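Chains as they are written, first to last, in my numbering: chain A, 1 to 124; chain B, 1001 to 1354.
Hints may contain errors.
Unchecked claim - If you want the ones that stay clear, here's a sample from chain B, every Cβ over 12 angstroms from chain A, calculated:
| id | residue |
| --- | --- |
| 1 | Ser1065 |
| 2 | Asp1114 |
| 3 | Asn1127 |
| 4 | Ser1202 |
| 5 | Ala1205 |
| 6 | Gly1274 |
What the hints assert, rightly or not - Pairwise CB distance ranges, derived in the manner of DEER restraints:
| id | chain 1 | residue 1 | chain 2 | residue 2 | range |
| --- | --- | --- | --- | --- | --- |
| 7 | B | His1236 | A | Asn77 | 23 to 29 angstroms |
| 8 | B | Gly1069 | A | Asn77 | 39 to 45 angstroms |
| 9 | B | Ser1202 | A | Asn77 | 45 to 51 angstroms |
| 10 | A | Val20 | B | Thr1132 | 41 to 47 angstroms |
| 11 | A | Asn77 | B | Ala1140 | 28 to 34 angstroms |
| 12 | A | Glu31 | B | His1044 | 28 to 34 angstroms |
| 13 | B | Ala1140 | A | Phe63 | 53 to 59 angstroms |
| 14 | A | Leu26 | B | Pro1138 | 24 to 30 angstroms |
| 15 | A | Glu123 | B | Ser1202 | 18 to 24 angstroms |
| 16 | A | Gly65 | B | Asp1148 | 33 to 39 angstroms |
| 17 | A | Glu108 | B | Pro1138 | 34 to 40 angstroms |
Calculated directly from the structure, the hints in this document are not laboratory data. Predicted, not measured: the structure shown is a model, and the values here were computed from it. Cβ atoms here follow ideal geometry from the backbone N, Cα and C, with glycine treated the same way.
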Amino acid sequence: MSEENKDITMEAVEEQEYDVDKIKLLPGLSEDGTAASFQIIDEDHTLGNALRYLIMKNPEVEFCGYSIPHPSENKLNVRIQTYGNITAMEALHQGLDGLSALCTHVEETFNEKVEAGGYSVIEP
Amino acid sequence: MEMRNEPKKYRYHPKPQIPPNMSDIVGIEYNRVTNTTSTDFPGHSSEENAWDLEEFKKNLQINISHLAGRSTNFDLINIDTSIANAFRRIMIAEVPSVAAETVYIYNNTSVIQDEVLAHRIGLIPLNVDPDTLQWIDPAADENERFNDANTYVMTLDVSCSKRDNVPEGTTDPKILYRNSSVYAKDLKFVPQGRQEQLFKNSPVAPCDPNILLAKLRPGQEISLRVHCILGIGSDHAKFSPVATASYRLMPVIDIKEPIVGELAKRFQKCFPSGVIEIDENGAAYVADARKDTVSREVLRHEEFEGKVKLGRKRSHFIFNVESTGAMSPLEIFLKSVRILKNKADYLRNCPIGQ
C-alpha cells in the first residue's frame, strides 16, 4: 500500500460510523454483569475462535466459549463468565484490545523479516 | 519384513501424562493422535499462562523461506492455532480482489453457453491493484451503480474465419482458421472517465494471458462487455486473491533408541529423501524434519516399535500462500493481519445494544 493510501485509510477510520446492530447482549446475563452472552452480526469462526482464545487467556475469566447458532445465519454468539473482579463486557474489550495489539506486532515482525531479507525470491 | 496392518488388540487409553517439555507436541501414533488441544490457559496447570503481550513479543518468531511473485512460504512460530487459522481464513475469504461480476452478452454463436462463458470470464484473475477501486453500493439503482471509481470495463469481440492459401491436407484449426481459440488476452480494457489517465501505461489485463475461454469455428462469434468490481472470497471464490493459503504443523521425529546398520537404511527409506541421514557410525539421525510428510510409514514396521516417536509441533505453523497473480503473496498476508486487527478495533468501538 502506498503512503497516500495509508492516509486515506487512517482518515476513514476516524470518520467511521459504528453499526449499532453489530453487537448486542443476549438474554441471560447476571445482575452484576459478570456473566453475559453477546451476539455479533456478520462474523464467523475467524473472529470467534481468535477472540475466544484471547478472552480465555485472561486470568479473571472463568469461562469463554463461542458458537455459530445456525450455519445459514451470519451470527456469532460469545459467552463470557468472569470470577467477579471484572464484568463480561470488560473481559470482551480486553480480549479485543489484546487481539488488536497482537496483530500490530505480527505485522511489524513480518515487515522486519521482509526487510531483513535472507530468503529466496524465485518460485520454487 | 514384518508388516503390521492391524492393531493387535483393543487397549484402554488412559489420559496421558504429558511431560512439560512435550506439551507443545501433538503425538502421532499408529492409528490415533494424542495431545491435540492447546492447554495454555490460566488455571489449567501450575503455570500462569495469562495473556502477556511482552511475552508474546519475546516468543513470536517469523522465518521467511521464500517470497516470490506468485508464492511464499514462511513459518509463524509460537502463535496459537486460533490466530494462525484466522489469518488463513481471512486470506482465502476476506481479502478483497477484483473480478468480472456482470457480463453483458451481445452475441454468442459459439458452442459454449452464455452462462458457462460468463462463469469462465468471472474466474480469470485480473492484474489490477484492488486498492484502486471503491466498493459498489448494492443499494444504488442498477443504472447508477457502476461508475469510473468502482468498475473496470472490458470487452471481448472475436469472430472466427477461414484463412486463405492453407496447404493441402492441413488439419490444425490454428492454421486453418483465424481466432479458432479465444483466450483471456482477447479481453480488452475500455477505460472509463478518469481511468484513461490513471491506466495510460498499465491497462487492466488478465494475469495469465493464455487461459482458454472458448473455441470457435468459421462463422461463429462472441461479442460481450464485462463489468469488473471489487469483492471478497466469501461472496464468490472468483474474488479470492489466493489459489491456496494453507498451513501445516512442523513435523517432529524423536528417535528414542539408536538405529544403526541395515536397520538405519530401512528406517531412512520410511521417510521422504533428506529427512533422515546416516552418520559416520551408521546411526540414523534426523537431518530435516521439515521435509517430512508425516506419512507414518515408519509406524507400520514392527522392527521400529518403541524406537521412534512421531509428532507435530502445535505452535509452529508452516504457511504456504499462492497468489492468483493480482497481488503479491506478501501483500495478501499483511492485508489479512490488518483485516483481523480492523475487526477487533471496530468491534471495540461498537456500542453494545440490548
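Going through the hints against the structure:
no., hint, result
1, Ser1065, "6 angstroms, violated"
2, Asp1114, "29 angstroms, holds"
3, Asn1127, "17 angstroms, holds"
4, Ser1202, "15 angstroms, holds"
5, Ala1205, "20 angstroms, holds"
6, Gly1274, "14 angstroms, holds"
7, B:His1236 to A:Asn77: 23 to 29 angstroms, "27 angstroms, holds"
8, B:Gly1069 to A:Asn77: 39 to 45 angstroms, "42 angstroms, holds"
9, B:Ser1202 to A:Asn77: 45 to 51 angstroms, "46 angstroms, holds"
10, A:Val20 to B:Thr1132: 41 to 47 angstroms, "32 angstroms, violated"
11, A:Asn77 to B:Ala1140: 28 to 34 angstroms, "33 angstroms, holds"
12, A:Glu31 to B:His1044: 28 to 34 angstroms, "29 angstroms, holds"
13, B:Ala1140 to A:Phe63: 53 to 59 angstroms, "45 angstroms, violated"
14, A:Leu26 to B:Pro1138: 24 to 30 angstroms, "29 angstroms, holds"
15, A:Glu123 to B:Ser1202: 18 to 24 angstroms, "22 angstroms, holds"
16, A:Gly65 to B:Asp1148: 33 to 39 angstroms, "48 angstroms, violated"
17, A:Glu108 to B:Pro1138: 34 to 40 angstroms, "35 angstroms, holds"
Consistency with the previously given hints fails for numbers 1, 10, 13 and 16, ordered from lowest to highest.
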